[in-house]
Amino acid sequence: MIVTPNFVMPNLDLEEIMHSLLESGKRTRQLWLTPDSLAFVARGREYRSEFHVNPSYEVQYSLKGDLNLHYRTPEGEEKVAFVPEGSCLFQPPLVPHSPRFAPDSFQLVIERARMPGEIDRFHWFCPNCDHFLHEERYTVDDYKADPVSRAYDNFYGSEEFRTCDKCHTVMPVPEQWAAQA
Numbered sequence: 003m004i005v006t007p008n009f010v011m012p013n014l015d016l017e018e019i020m021h022s023l024l025e026s027g028k029r030t031r032q033l034w035l036t037p038d039s040l041a042f043v044a045r046g047r048e049y050r051s052e053f054h055v056n057p058s059y060e061v062q063y064s065l066k067g068d069l070n071l072h073y074r075t076p077e078g079e080e081k082v083a084f085v086p087e088g089s090c091l092f093q094p095p096l097v098p099h100s101p102r103f104a105p106d107s108f109q110l111v112i113e114r115a116r117m118p119g120e121i122d123r124f125h126w127f128c129p130n131c132d133h134f135l136h137e138e139r140y141t142v143d144d145y146k147a148d149p150v151s152r153a154y155d156n157f158y159g160s161e162e163f164r165t166c167d168k169c170h171t172v173m174p175v176p177e178q179w180a181a182q183a
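Just so we're aligned: 103 in the numbering used here is position 101 of the sequence shown, and the numbers increase by one with no gaps anywhere.
Misleading hints may appear alongside valid ones.
Cut-off 25 Å, straight-line C-alpha distance, at most; resulting in silico cross-link-like pairs (SDA-like, lysine to any residue) [to be verified]:
1) Lys81 / Cys128
2) Lys168 / Asn130
3) Lys168 / Arg139
4) Lys28 / Lys81
5) Lys66 / Arg29
6) Lys81 / Pro37
7) Lys28 / Ser39
8) Lys66 / Tyr49
9) Lys28 / Ser107
Each pair of labels, with its calculated beta carbon distance range [as the list claims (entries may be wrong)]:
10) Val172 / Phe84: 41 to 47 Å
11) Tyr59 / Phe84: 17 to 23 Å
12) Ser89 / Glu120: 25 to 31 Å
If you are wondering where the hints come from, they were derived from the structure by calculation, not from laboratory data.
Note that the coordinates shown come from a computational prediction; the quantities given were computed from them, not determined experimentally.
The beta-carbon is built from N, C-alpha and C at its ideal position, and this holds for glycine as well.
All chains, please: the whole structure from these sequences, using the hints.
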């Protein structure tokens with residue numbers, strides 16, 4: 003839904019939106035997109051392993067279930083912030099993060115809309131030695147296009163992208179991804 007100055011935003015039934023996502027098998031539903039903000043509800047991706055680096059802040063609210071927000075420090079160390087159901091977290095721009103939560107869990111995410119030319123990046127690291135594997139880049143102007151799924155399609159579709167050039171480990175394609183692809 004794109005909001006214009008003459009549009010009055012309706013109340014959104016988040017319970018109904020969560021139910022609809024579960025029933026449809028979809029992973030996200032954009033709630034609004036304005037010139038300065040966007041919001042969407044995301045359903046858990048149990049297989050998520052990439053680190054998203056976006057140019058905007060994010061507010062993540064755990065609607066249902068708990069969130070383990072994996073993130074990388076400026077030194078490259080992976081850490082985890084636990085966000086229990088009913089709690090929220092503010093995340094600054096450019097923090098590599100990987101929200102991990104169960105497929106029957108939901109997050110409300112509110113972000114600054116991207117400025118023209120801003121790029122979102124998705125990074126994968128070797129599960130064996132933590133060496134950088136691959137980066138996907140997207141201009142995100144509408145979450146209805148589901149950039150995370152597009153990044154996963156490209157990454158999991160290429161054994162070359164999933165192969166570590168340091169230790170030669172090949173990151174496997176998760177069963178859940180292969181089943182839905």
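Okay, the hints, checked on the actual structure:
| no. | hint | result |
| --- | --- | --- |
| 1 | Lys81 / Cys128 | holds (16 Å) |
| 2 | Lys168 / Asn130 | holds (10 Å) |
| 3 | Lys168 / Arg139 | holds (23 Å) |
| 4 | Lys28 / Lys81 | violated (28 Å) |
| 5 | Lys66 / Arg29 | holds (14 Å) |
| 6 | Lys81 / Pro37 | violated (33 Å) |
| 7 | Lys28 / Ser39 | holds (22 Å) |
| 8 | Lys66 / Tyr49 | holds (18 Å) |
| 9 | Lys28 / Ser107 | holds (13 Å) |
| 10 | Val172 / Phe84: 41 to 47 Å | violated (30 Å) |
| 11 | Tyr59 / Phe84: 17 to 23 Å | holds (20 Å) |
| 12 | Ser89 / Glu120: 25 to 31 Å | holds (28 Å) |
Of the hints listed earlier, those the structure fails to meet are numbers 4, 6, 10, in rising order.
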